[in-house]
Amino acid sequence: MSAYSVTEPSTRSKWFAGSLVILYALITMIPLAWIMLTGFKSPSDAISYPPKVVFEPTLEGYVNLFTTRTRQTQEFLDANPPQNWADEIVREYDMVIVGPSKFGERFLNSVIIGFGSTFLSVFLGTLAAYAFSRFKIPLADDLLFFILSTRMMPPIAVAIPIFLMYRNLGLSDTHLGMILLYTAVNISLAVWLLKGFIDEIPREYEEAALIDGYTRFQAFYKVVLPQAATGIASTAIFCLIFAWNEYAFAVLLTSATAQTAPPFIPTIIGVGGLDWPAVAAGATIFLLPVMIFTILLRKHLLRGITFGAVRK
Amino acid sequence: MTDTIANRAAKATPQRVARKIKGLSDRAIAWIFVAPTIFLLLAINIFPLIWTIQLSFTNYRANRLNREPEFIGLRNYERILTDSDIWLNMQATAHFLFWTIALQVLIGFTLAWLINKKFKGNDLWTTIIVLPMMLSPAVVGNFWKFLYQPQIGLFNYIVAFFTGKDPSSFEMLGSVQLAPWSIVIVDTWMWTPFVMLICLAGLRSIPDYIYEAAEVDRASKLRQFFTITIPMVLPFLMLAVLFRGIENFKMFDLVVQLTGGGPGSTTELTSINLKREAFEKWRTGYASAYAIILFVTVFGLASIYVKALNKVKER
Numbered sequence: 001m002s003a004y005s006v007t008e009p010s011t012r013s014k015w016f017a018g019s020l021v022i023l024y025a026l027i028t029m030i031p032l033a034w035i036m037l038t039g040f041k042s043p044s045d046a047i048s049y050p051p052k053v054v055f056e057p058t059l060e061g062y063v064n065l066f067t068t069r070t071r072q073t074q075e076f077l078d079a080n081p082p083q084n085w086a087d088e089i090v091r092e093y094d095m096v097i098v099g100p101s102k103f104g105e106r107f108l109n110s111v112i113i114g115f116g117s118t119f120l121s122v123f124l125g126t127l128a129a130y131a132f133s134r135f136k137i138p139l140a141d142d143l144l145f146f147i148l149s150t151r152m153m154p155p156i157a158v159a160i161p162i163f164l165m166y167r168n169l170g171l172s173d174t175h176l177g178m179i180l181l182y183t184a185v186n187i188s189l190a191v192w193l194l195k196g197f198i199d200e201i202p203r204e205y206e207e208a209a210l211i212d213g214y215t216r217f218q219a220f221y222k223v224v225l226p227q228a229a230t231g232i233a234s235t236a237i238f239c240l241i242f243a244w245n246e247y248a249f250a251v252l253l254t255s256a257t258a259q260t261a262p263p264f265i266p267t268i269i270g271v272g273g274l275d276w277p278a279v280a281a282g283a284t285i286f287l288l289p290v291m292i293f294t295i296l297l298r299k300h301l302l303r304g305i306t307f308g309a310v311r312k
Numbered sequence: 313m314t315d316t317i318a319n320r321a322a323k324a325t326p327q328r329v330a331r332k333i334k335g336l337s338d339r340a341i342a343w344i345f346v347a348p349t350i351f352l353l354l355a356i357n358i359f360p361l362i363w364t365i366q367l368s369f370t371n372y373r374a375n376r377l378n379r380e381p382e383f384i385g386l387r388n389y390e391r392i393l394t395d396s397d398i399w400l401n402m403q404a405t406a407h408f409l410f411w412t413i414a415l416q417v418l419i420g421f422t423l424a425w426l427i428n429k430k431f432k433g434n435d436l437w438t439t440i441i442v443l444p445m446m447l448s449p450a451v452v453g454n455f456w457k458f459l460y461q462p463q464i465g466l467f468n469y470i471v472a473f474f475t476g477k478d479p480s481s482f483e484m485l486g487s488v489q490l491a492p493w494s495i496v497i498v499d500t501w502m503w504t505p506f507v508m509l510i511c512l513a514g515l516r517s518i519p520d521y522i523y524e525a526a527e528v529d530r531a532s533k534l535r536q537f538f539t540i541t542i543p544m545v546l547p548f549l550m551l552a553v554l555f556r557g558i559e560n561f562k563m564f565d566l567v568v569q570l571t572g573g574g575p576g577s578t579t580e581l582t583s584i585n586l587k588r589e590a591f592e593k594w595r596t597g598y599a600s601a602y603a604i605i606l607f608v609t610v611f612g613l614a615s616i617y618v619k620a621l622n623k624v625k626e627r
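If you read the sequences in order, they're chains A and B.
Under our numbering, residue 312 is the last one in the first sequence; the count climbs by one each step, no gaps.
Under our numbering, residue 627 is the last one in the second sequence; the count climbs by one each step, no gaps.
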């Protein structure tokens, strides 16, 4: 080719494209940035009009998110000096901290259910994906399509019998029940994604291992698993993000013990309606891990969200 | 293939080693590896689905434990298909689907086309644009509700700033005309990046030599766009529409948090309506029939669509 390439855009069109994309990215960022800022506002700053961009930052929202408080008389407040910085913040409203709020518990539930179901779906998914990738399975294509099609159902369509079934088995509102449920939802993604990753590992590696005297099983975990490690890791993060974000089943099937954070965050009430800084603080804490994972996952993103149907 | 190689290896090696190579037979391993997944899906997807079908022919109510469900045939289906309110919900869902997909395809494709110009730092900006779709729809819906507040919300402030209107004169979530659009806006914000990513993959799959050949033939840039770029990206774009269509048809979390179906029932999409029937009115049998109708609709539309998609791919 000569120095002039027809497919290389001109500098001017690059500059033009770049500025439009950056403009869109900035508009995308506004709601996210706003919610993070709101987490550091005082309740009065959060609802002031016009909206305040410059304000005095406070951790009040975070304190309100994590604690339960009660109003106290002046005598009580005078007799008991504040114990720490968080106590000092609530003192301004004549309140004292009486204990933790439910947020910590709900967040922990999200962690337990998220990681539990991720582990289970990746574990089962890896086994199934390996089998689909390497062995002749009767009706393999139909089985794979069946696995994918379970993802098409609206969650509400199967929620009624699952609700009845869980009620009979004593699984409703338990961690185990939610872990099994999210595993069933995630496993289609895990099998499809991992099959793609394992397909890419040359079969010759295992064949060499088999000839060296490994059993099939040894070849699987000593040769294939290490090769598939990156694929397994990114599959795990996609499963985790899904279980982390799930709302419909969480709101229908859990109430007290196993409820995750998404149904809880919108219910944080302050004086006179929703406590927006606390809601924003909860949203920020909840969204941050996913944002970090997204940045880490950039490379595998497309494959993960399309079940590997489109490869970059 | 592997089977034969393993067997060959087994034959060529001494007896003692051969046993070790075999271990469990490949067929046994295949079954052991696949069975738990299939079992789990049967238990938590297929069994409930069959149960839903069975319930759909009864007048069962899940909140009344001591009453036996009574078989009532197709009466639930008949009632749903003749209920004008449900047709309104279907209509609202169709509108929602149409506008979100149209906007997302338009903006998503444009963005992908711009990003494909390979300007400096496009990787960073792409990652930022992609962030919203990875977040929890319920939490996103909740904080957009804050942005939409007429008195204090940033959205109203910005719109008022650019249009000169009074920010409390329009309520995105409270007005019958605007509420559906408030959902369309958030859904577009959240999911345009998805369409963009897939279009980008499509654009990057077009080999340079096609454009070079077109240039030799002196085809104009515009002509190249319509005869090369669009047809080559089309299968990818159709796949994006399929995925978004299925997802938005069962959309629940975002809308519940944002409008809760209101005002009135203007944003009551089918899945929200279904939740209300099943878990608030406890009309379990009726809701089951409703769920089956929705499932068959998605499955049917998706199958027809996939056939069309395969035809486009073959071209």
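Treat the hints as calculated values from the structure; they're not laboratory data.
Hints may contain errors.
[Unchecked claim] Listed next, the in silico DSBU-like pairs over lysine-lysine satisfying Cα-Cα at most 30 Å (straight line): (1) B:429 with A:14; (2) B:533 with B:477; (3) A:299 with B:432; (4) A:136 with B:429.
Consistency of the hints with the structure:
| no. | hint | verdict |
| --- | --- | --- |
| 1 | B:429 with A:14 | holds, 6 Å |
| 2 | B:533 with B:477 | violated, 42 Å |
| 3 | A:299 with B:432 | holds, 18 Å |
| 4 | A:136 with B:429 | violated, 44 Å |
When the structure is compared with the earlier hints, violations turn up for hints 2, 4 and for no others.
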